[in-house]
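Heads up: the sequence lines are chains A and B, in that order. In our numbering, each residue's number is its place in the first sequence (first place is 1) plus 124. In our numbering, each residue's number is its place in the second sequence (first place is 1) plus 11.
It is possible that some hints are incorrect.
Below, simulated PhoX-like cross-link-like pairs (lysine-lysine); rule was C-alpha separation at most 25 Å, straight line [said to hold, decoys possible]:
#1 B:K34 x A:K267
#2 A:K137 x A:K378
#3 A:K267 x A:K145
#4 B:K193 x B:K254
#5 B:K193 x A:K185
#6 B:K198 x B:K284
Calculated from the structure, these hints are not laboratory results.
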Amino acid sequence: MYSLNENDEFRLKKNALNIRKNILRLIKADRAGHLGGALSSVEIMTALYFQIMKVDPKNPKWEQRDRFVLSAGHKCLALYSTLAEKGFFDESLLDTYGSFKSIFPGHPDMHKVPGVESNTGALGHGLSIGGGMAMGLRMSGLKARVYVVLGDGELAEGSNWEAAAAASHHGIDNLLAIIDRNGLQIGGRTTDVMSYEPLAERWRSFGWNVREVDGHNFKSLVEAMSAIPFEEGKPSLIIADTIKSKGFSFAEDKANYHYWKATTEEIEQAEKDLAEIERRLVG
Amino acid sequence: MSEALDPRKTFGEALVEVGEKNKNIIALSADSSSGSQLTAFKNRFPDRHIEFGIMEQGITGFAAGLATTGKIPFFVAIAPFVTARSFEMFRNDLGYMRQNVKIVGRCSGLTYNTLGPTHQSLDDLALIRTIPGVVVLNPGDPVEIKKVVHAAAEHVGPVYIRIGSPKMPVLFEEDYNFTIGKGILMKEGIDVTIIGTGTLLYQAYSAAELLAKDGIKVRLINIHTIKPLDKEIIIKAARETGKIVVVEEHYIAGGLGGAVAETVTESFPVPVKRIGVDDQFGSNGPYDQLIGLYGLRAEQIAETVKKFIS
Chain A
125 MYSLNENDEF RLKKNALNIR KNILRLIKAD RAGHLGGALS SVEIMTALYF QIMKVDPKNP
185 KWEQRDRFVL SAGHKCLALY STLAEKGFFD ESLLDTYGSF KSIFPGHPDM HKVPGVESNT
245 GALGHGLSIG GGMAMGLRMS GLKARVYVVL GDGELAEGSN WEAAAAASHH GIDNLLAIID
305 RNGLQIGGRT TDVMSYEPLA ERWRSFGWNV REVDGHNFKS LVEAMSAIPF EEGKPSLIIA
365 DTIKSKGFSF AEDKANYHYW KATTEEIEQA EKDLAEIERR LVG
Chain B
12 MSEALDPRKT FGEALVEVGE KNKNIIALSA DSSSGSQLTA FKNRFPDRHI EFGIMEQGIT
72 GFAAGLATTG KIPFFVAIAP FVTARSFEMF RNDLGYMRQN VKIVGRCSGL TYNTLGPTHQ
132 SLDDLALIRT IPGVVVLNPG DPVEIKKVVH AAAEHVGPVY IRIGSPKMPV LFEEDYNFTI
192 GKGILMKEGI DVTIIGTGTL LYQAYSAAEL LAKDGIKVRL INIHTIKPLD KEIIIKAARE
252 TGKIVVVEEH YIAGGLGGAV AETVTESFPV PVKRIGVDDQ FGSNGPYDQL IGLYGLRAEQ
312 IAETVKKFIS
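Next up, chain A with everything else stripped away, as it sits in the complex (with noise of 0.2 Å):
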């Protein structure tokens, strides 16, 4: 079983805080943005892309990467943040966010920013694509391997359970989903909303291997990230259990912070926020 060691621990914890504040930086650039759900998955993107995807920011479209989709395109201030802190862009294109030059939209675009992979937005979209991904470098022989991140209020889209269906039918083991489950969405708790509980015995009904796992603590995301897949022949799911705008502290699990559109006042809280986790981190 892998375990992270502390050193690393804290590297990721600083990458978590530097892709916080570009959250922020981002929404400071246009006074708003899709908050809740970027700062729930920080730790799971960063996981991915600071201990586990084989992935080149120098060279974006190399053949053996590991691919990432954003099933949830909605937290991609989350995903941009992410990139920009792992050298796929130069932090300072963050501010151009909501401009007209900005390769930034408010959903994910491949052909506009390097290293996104597809472009998402519409819900119940990416598990399909990347069910197909893994597929096809399956086909071709490539060892690399597909991630994706979905919201849970994203599970009522019928699409996902097409896609579930397929990926463990055709025995895609190359593909790891990863569920935000922030417990959230626009219009209230999920389970209030639309229940989809309970998720895991869903999805094991469905053909999956499932941990659920404290989507904010990098030893269990990476423990369970490094062991997939958790059964061969049979794609792997991790349920994330988040906080909706993890991190903010005025924020925390509200539904009305799906979409901030951003006071003076809370911004300048956001910004104590984050002051204060990085001086319990680094002093």
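We have chain A already, so just place chain B on it with the hints.
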């Protein structure tokens, strides 16, 4: 001219031909391999045929993902289910993502004469031609079906191919010149232009023959590529013949008739008569009679043209 061939079988043969030439070509099935004539491909390249069952939305996404790795998927199923049902996946995953996937809608138009409107496809051209960057091909005879499949395989980017099911008479020689986006002048004329496409090209052709007997000099054009549209040949026809009739097995709203009307309205306005199915769901009955119900048979087209130009 007298020989008529099964368009689906012709498609299936063509797919094997392009599969021999390019090992990246794969076939995706939605539990419709035999109906889509993928059996020959499956037998020849068993590892390159993937069955998904009945999930057209999912398959369209898988096709996009497969294409990102260099595969060239041909996804073939009943026309409404690969266009109307999965439209958003077609638009976003293939169009917006610019993926090299070929969607083949078979048994299009009124083919499913008895099965009714759920299985008929009278809006697919209208839907798919709105998607930026997608090539929309509507072959008019069995020879053209083969040309279209080869051209689609060579074109890099998303393509929609529309084929019917009733046998199609052969209109073209094997060696005729086919180019995506270039209409074909089949008959010179100055009184009126008839533009035919796809499954009704033969009816349009026959209507032109009937009108010739009455001394009406019809210019007949085959538009096999709905998008990108050959505006040049259409505007030239508007300028030189003054009136245009468009014949298609599709709604008159949004199909080739709509595209032609949009083109001449902006460039050289002339009267355009669109012959197709008007604003109603298709009925059910024998195919020949069903197309007759909407005035799509050659002799009906000829009558409509006479009234239009008189």
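| field | Violating hint indices (sorted, rising) | value | 3, 5
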